[in-house]
Amino acid sequence: MNLGLILLAAGLVTGQYAPQRQGTDPLDAEREARVHRLGKGLRCPMCQGQSIADSPAPAARAQLDKVRELVAAGRSDAEVESYFVDRYGEWALLKPKPQGSNLLLWLLPGMLLLAGLWIILTQVKRAPTPGAPSVSPPKADDDYLAQVRNDVDR
Amino acid sequence: MNRNVILAIVGVLGAAFFIAVMLSFGNDPHAVPFMLEGKPAPAFSMKRLDADGTVNLADLKGKPVVLNFWATWCGPCAQEHPVLEWAAKKYGNDAVFIGVVFEDTEEATKKFLAQRGSSFQQLYDPQSTMAVDYGVTGVPETYFIDRNHVIVSKYAAPINMSTFDKHIAQILK
Amino acid sequence: MSNSAIGSGLVLLGLVFAAFAAVAGLYTGLTRREGALPWVQRAVYAFGVSLIASNVWMVKSLLEHDFSVKYVAQVGSRSTPTIYTIVSLWSSLEGSILFWGGVMGIYLIAFTFIHRKEHGRYMQLSLGMMSIVAAFFAFLIASPADPWIAVPAAADGPGPNPLLQNNPLMIIHPPMLYMGFVGMTVPFGIATGALLRGEIGDAWMGPLRRWTLVPWLFLTIGIILGSWWAYAVLGWGGFWAWDPVENASFMPWLASTAFMHSTMVTERKKSLKLWTLALALGAFLLTILGTFMTRSGIFNSVHAFGTSDVGKTFFLFFFLPMSAFCLFLLAVRGPMLEAESRVESLMSREGAIFFNNLFFAGITFVVLIGTTFPMVVEALQNRRLSVGEPYFNTTALPFALCILFLMGVGPMLPWGAADARTVQRQLIVPGIGALLGVGLSLLFGYPGAMPLATFACAGFVTVITLRELVLPAQSRMAEQKESPWAAMVRSASRTPRRFGGYIVHLGVVVICVAIGAYAGYKQQVSATVKAGQTVSVGKYQVRFDGLDSGREPHREWVGANVTVISPGGKEVKHHGVNSPRLNYYPTQNRPIESPLVHEMLHGDVYVSLIAFDNAAGTATFNAYVFPLVGWIWYSIPFFVFGTLIALWPRRKAALARAATVPGAAAAPGSPS
Chain H
0 MNLGLILLAA
10 GLVTGQYAPQ
20 RQGTDPLDAE
30 REARVHRLGK
40 GLRCPMCQGQ
50 SIADSPAPAA
60 RAQLDKVREL
70 VAAGRSDAEV
80 ESYFVDRYGE
90 WALLKPKPQG
100 SNLLLWLLPG
110 MLLLAGLWII
120 LTQVKRAPTP
130 GAPSVSPPKA
140 DDDYLAQVRN
150 DVDR
Chain G
0 MNRNVILAIV
10 GVLGAAFFIA
20 VMLSFGNDPH
30 AVPFMLEGKP
40 APAFSMKRLD
50 ADGTVNLADL
60 KGKPVVLNFW
70 ATWCGPCAQE
80 HPVLEWAAKK
90 YGNDAVFIGV
100 VFEDTEEATK
110 KFLAQRGSSF
120 QQLYDPQSTM
130 AVDYGVTGVP
140 ETYFIDRNHV
150 IVSKYAAPIN
160 MSTFDKHIAQ
170 ILK
Chain S
0 MSNSAIGSGL
10 VLLGLVFAAF
20 AAVAGLYTGL
30 TRREGALPWV
40 QRAVYAFGVS
50 LIASNVWMVK
60 SLLEHDFSVK
70 YVAQVGSRST
80 PTIYTIVSLW
90 SSLEGSILFW
100 GGVMGIYLIA
110 FTFIHRKEHG
120 RYMQLSLGMM
130 SIVAAFFAFL
140 IASPADPWIA
150 VPAAADGPGP
160 NPLLQNNPLM
170 IIHPPMLYMG
180 FVGMTVPFGI
190 ATGALLRGEI
200 GDAWMGPLRR
210 WTLVPWLFLT
220 IGIILGSWWA
230 YAVLGWGGFW
240 AWDPVENASF
250 MPWLASTAFM
260 HSTMVTERKK
270 SLKLWTLALA
280 LGAFLLTILG
290 TFMTRSGIFN
300 SVHAFGTSDV
310 GKTFFLFFFL
320 PMSAFCLFLL
330 AVRGPMLEAE
340 SRVESLMSRE
350 GAIFFNNLFF
360 AGITFVVLIG
370 TTFPMVVEAL
380 QNRRLSVGEP
390 YFNTTALPFA
400 LCILFLMGVG
410 PMLPWGAADA
420 RTVQRQLIVP
430 GIGALLGVGL
440 SLLFGYPGAM
450 PLATFACAGF
460 VTVITLRELV
470 LPAQSRMAEQ
480 KESPWAAMVR
490 SASRTPRRFG
500 GYIVHLGVVV
510 ICVAIGAYAG
520 YKQQVSATVK
530 AGQTVSVGKY
540 QVRFDGLDSG
550 REPHREWVGA
560 NVTVISPGGK
570 EVKHHGVNSP
580 RLNYYPTQNR
590 PIESPLVHEM
600 LHGDVYVSLI
610 AFDNAAGTAT
620 FNAYVFPLVG
630 WIWYSIPFFV
640 FGTLIALWPR
650 RKAALARAAT
660 VPGAAAAPGS
670 PS
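Chains H, G and S, in that order, give the protein sequences.
Positions 0 to 153 (numbering that gives the first Met the number 0) are the ones given, in order, by the first sequence.
Positions 0 to 172 (numbering that gives the first Met the number 0) are the ones given, in order, by the second sequence.
Positions 0 to 671 (numbering that gives the first Met the number 0) are the ones given, in order, by the third sequence.
What the hints contain is simulated information worked out from the structure, not anything from laboratory work.
Keep in mind that the hints are not guaranteed to be accurate.
[Unchecked claim] In silico BS3-like pairs for lysine-lysine, Cα to Cα no more than 27 angstroms straight-line: (1) LYS538(S) x LYS569(S); (2) LYS110(G) x LYS96(H); (3) LYS572(S) x LYS94(H); (4) LYS538(S) x LYS39(H); (5) LYS46(G) x LYS89(G); (6) LYS124(H) x LYS269(S); (7) LYS572(S) x LYS39(H); (8) LYS521(S) x LYS572(S); (9) LYS60(G) x LYS94(H); (10) LYS88(G) x LYS110(G); (11) LYS89(G) x LYS110(G); (12) LYS89(G) x LYS60(G); (13) LYS172(G) x LYS89(G); (14) LYS38(G) x LYS165(G); (15) LYS165(G) x LYS89(G); (16) LYS109(G) x LYS46(G); (17) LYS124(H) x LYS39(H).
Here the structure is a predicted model, which is why all the values come from computation and not from measurement.
Kindly produce the complete structure, drawing on both the sequences and the hints.
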């Protein structure tokens with residue numbers, strides 16, 4: 000290990016670069032999992048689009064510390080969220096609350112699915128007459144395809 | 000379903016999208032909303048960096064407060080420093096000026112202040128707790144807090160003299 | 000002559016040729032003057048050569064450190080390693096668009112050459128449409144995003160974005176994506192050419208499918224490598240963040256994958272024609288939208304290029320007219336695309352593909368709406384909100400699981416209508432496969448609903464796919480007394496698309512299992528330790544052996560030497576440049592993490608250095624164990640191999656026979 004280089008790099012760090020910092024000590028496993036889950040849903044303001052649980056930025060770590068502090072103080076999930084919403088608005092939530100026009104986010108995919116389903120059903124022929132053989136023999140379009148089917152359907 | 004109906008729906012959705020995109024040019028996607036404007040300033044009690052003792056927001060009752068969050072490694076903060084020095088001299092009797100250093104080391108900050116002057120008190124926020132409480136989104140950021148300790152405005156960029164005059168007028172009223 | 004004069008001259012030349020090819024191709028195509036084809040071809044070749052030459056010239060300027068060229072002044076630096084200097088060709092906005100133009104040149108030359116003997120009018124229209132796209136890009140390079148502007152030469156430049164210099168994957172990942180994106184221009188040209196011509200028969204389906212498959216493969220590789228890069232570089236232990244830029248590459252992939260499936264129904268059943276064409280056009284439009292999103296400055300992303308004026312030009316003069324044109328074409332030609340037959344039963348191959356397409360459309364829509372919703376809401380309601388990973392995971396993953404399930408059901412069902420009893424009988428073995436998937440994961444102590452469902456589907460699909468791969472060969476072995484190898488090769492070469500497709504399916508299964516294991520069973524620990532102390536994560540120990548540091552021309556780094564100790568007591572040292580590091584670049588205030596990835600076939604130990612305290616001699620780590628995660632990227636050979644097989648030219652005789660499908664509206668002598 001080169002101590003000279005370490006001192007040099009460390010000196011550089013204090014002058015030009017933001018020092019990295021560690022977070023507060025983790026809580027017990029169960030509450031820490033809650034901290035992590037809540038952190039996953041909160042957007043880090045200093046790091047583009049990442050959650051505070053994912054981002055390596057010191058700012059994200061500070062915010063995750065805050066979540067940990069609030070969880071340790073026995074606050075509910077909603078209270079933790081509202082702490083951040085109070086500061087950054089609903090922008091802080093990576094999963095928008097289903098209210099107002101946000102509902103479109105959830106309803107439109109569902110509507111698309113239903114519409115698609117309906118279109119598919121209209122493509123189908125009416126139910127075959129009972130008694131008719133339920134397997135239609137594959138119509139050979141040409142020799143090549145017939146050959147392929149021969150190979151495949153055996 | 001009629002194909003034309005589908006195409007019409009796609010067209011309408013597309014048109015809405017186009018309008019939204021056209022309105023979006025010039026919006027900054029990196030801007031972070033700030034919701035504490037008009038809200039009571041979060042309480043704090045922080046260790047002073049330039050002298051002994053702590054500073055409590057509650058102890059400053061009835062006084063307007065200017066809070067500046069910064070760090071030594073941030074170039075714009077260094078540019079802004081003279082403006083704050085000037086402002087502290089000009090308005091120092093009307094409002095309390097407080098600098099808050101975070102994401103930084105005590106050592107580097109002391110060196111910085113010794114070199115560049117320090118005419119107002121500086122707090123050290125080693126765990127960024129105060130910065131998180133105030134919804135800071137970067138450095139430098141300047142908060143203007145009135146006599147009743149309500150946050151009147153925040154300026155989230157290096158501030159210049161005329162902007163500073165405008166903002167502080169709001170809390171001195 | 001200066002570099003910038005030569006470079007921009009070549010771009011202007013390319014613009015002129017592309018514009019000529021576009022006008023000449025479309026005009027002569029629409030007025031049925033087929034004699035003009037050679038001229039259109041020559042113009043396209045000339046465009047390609049000009050743009051490729053301009054790219055080569057830019058690389059030369061970068062290597063010469065000619066800081067009088069604006070782009071070199073922006074991204075060049077004498078201290079950057081040579082390989083990254085070359086790579087910086089595509090590391091920033093202007094360069095990436097120039098590179099884009101070069102790739103376009105390669106594609107157009109290849110397409111024109113391969114189909115040089117094809118039917119004139121058909122080619123003129125297609126080449127004309129492609130040349131419109133080419134001309135637009137040449138215009139972008141020539142004016143709003145000109146990298147060749149001459150500037151006063153500086154002594155040195157800032158160098159490319161540090162994030163791009165952090166890992167060699169960045170050398171290969173962007174060109175792959177670009178080749179995927181740009182390549183969609185070719186199927187777009189083929190499809191619009193066919194629509195313009197008004198002759199929509201089977202003849203154009205072959206080239207359309209093949210030319211979609213090529214960019215599709217590049218897109219697939221690009222996306223997988225991109226996720227690998229994010230995993231190996233960004234230090235947060237994830238590989239996919241549903242970031243707008245990632246979504247931008249994912250959407251065209253989804254659309255073209257859906258296309259690849261619906262085209263089978265179109266060919267076999269002569270239905271879904273409008274939908275198949277809409278998907279081909281949609282895939283192209285989504286690449287354009289994606290390009291716009293990464294370069295407009297109105298989407299927030301880690302990867303996005305800075306704000307620029309290119310976005311508005313792009314949107315108003317390209318995306319908008321192109322979308323309108325596509326919608327118009329589909330509306331006008333729609334009546335010609337009536338289905339010639341109806342589906343007999345949903346319990347059939349085509350039924351499965353219908354649902355496959357529905358779910359692919361569903362994911363594409365979810366990704367599209369999730370990515371653009373914040374922008375739309377801000378524009379229309381002046382309200383800021385975020386849509387991130389939790390939203391996409393809850394909405395898109397169920398669709399993905401359905402698709403995985405269908406990947407097993409589809410190949411099992413025959414075309415037409417299935418007999419319920421046969422299906423039941425066929426389900427037994429794959430069902431055992433599914434149970435085996437669940438049983439194995441429970442045996443190894445891996446519970447959880449989503450991963451178990453994934454493993455069950457994976458087992459189910461694997462059994463069916465392997466059966467479909469092996470059965471034809473088996474029958475050959477039985478009947479023709481061929482050796483297993485010969486039987487396999489013969490059966491594969493008889494039905495290359497089918498064979499290749501199933502190999503790709505296996506690749507998808509591998510990815511799904513890896514993601515399921517990763518998401519369900521990763522373990523994470525963060526800890527601050529002194530030298531000599533260990534951090535336990537899962538069954539592994541990570542021992543901290545002390546801090547280290549180093550200096551390279553373009554950066555300095557601080558690392559934490561660690562030793563990874565496996566459950567068996569085996570120790571592997573990761574010291575010096577191989578340690579988890581923080582990289583310090585002169586142009587950045589914040590260090591950039593470079594995690595340690597201790598790769599193993601059954602999973603990775605992943606350690607990132609979060610902070611260090613030189614005085615106290617401590618280091619803070621985030622340590623993870625990610626089971627199977629590497630298989631996401633190890634799956635790439637499946638995709639490459641499968642696609643190459645599917646692209647392999649079929650034997651001439653078989654081709655000729657296949658071309659005589661009754662009802663094909665192909666003109667005599669037209670391509671197949």
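Tested hints:
no., hint, in the structure
1, LYS538(S) x LYS569(S), "holds (12 angstroms)"
2, LYS110(G) x LYS96(H), "violated (47 angstroms)"
3, LYS572(S) x LYS94(H), "violated (41 angstroms)"
4, LYS538(S) x LYS39(H), "holds (25 angstroms)"
5, LYS46(G) x LYS89(G), "holds (25 angstroms)"
6, LYS124(H) x LYS269(S), "holds (15 angstroms)"
7, LYS572(S) x LYS39(H), "violated (32 angstroms)"
8, LYS521(S) x LYS572(S), "holds (23 angstroms)"
9, LYS60(G) x LYS94(H), "violated (39 angstroms)"
10, LYS88(G) x LYS110(G), "holds (21 angstroms)"
11, LYS89(G) x LYS110(G), "holds (25 angstroms)"
12, LYS89(G) x LYS60(G), "holds (21 angstroms)"
13, LYS172(G) x LYS89(G), "holds (16 angstroms)"
14, LYS38(G) x LYS165(G), "holds (20 angstroms)"
15, LYS165(G) x LYS89(G), "holds (14 angstroms)"
16, LYS109(G) x LYS46(G), "holds (14 angstroms)"
17, LYS124(H) x LYS39(H), "violated (48 angstroms)"
Of the numbered hints given earlier, the model fails hints 2, 3, 7, 9, 17; all others are met.
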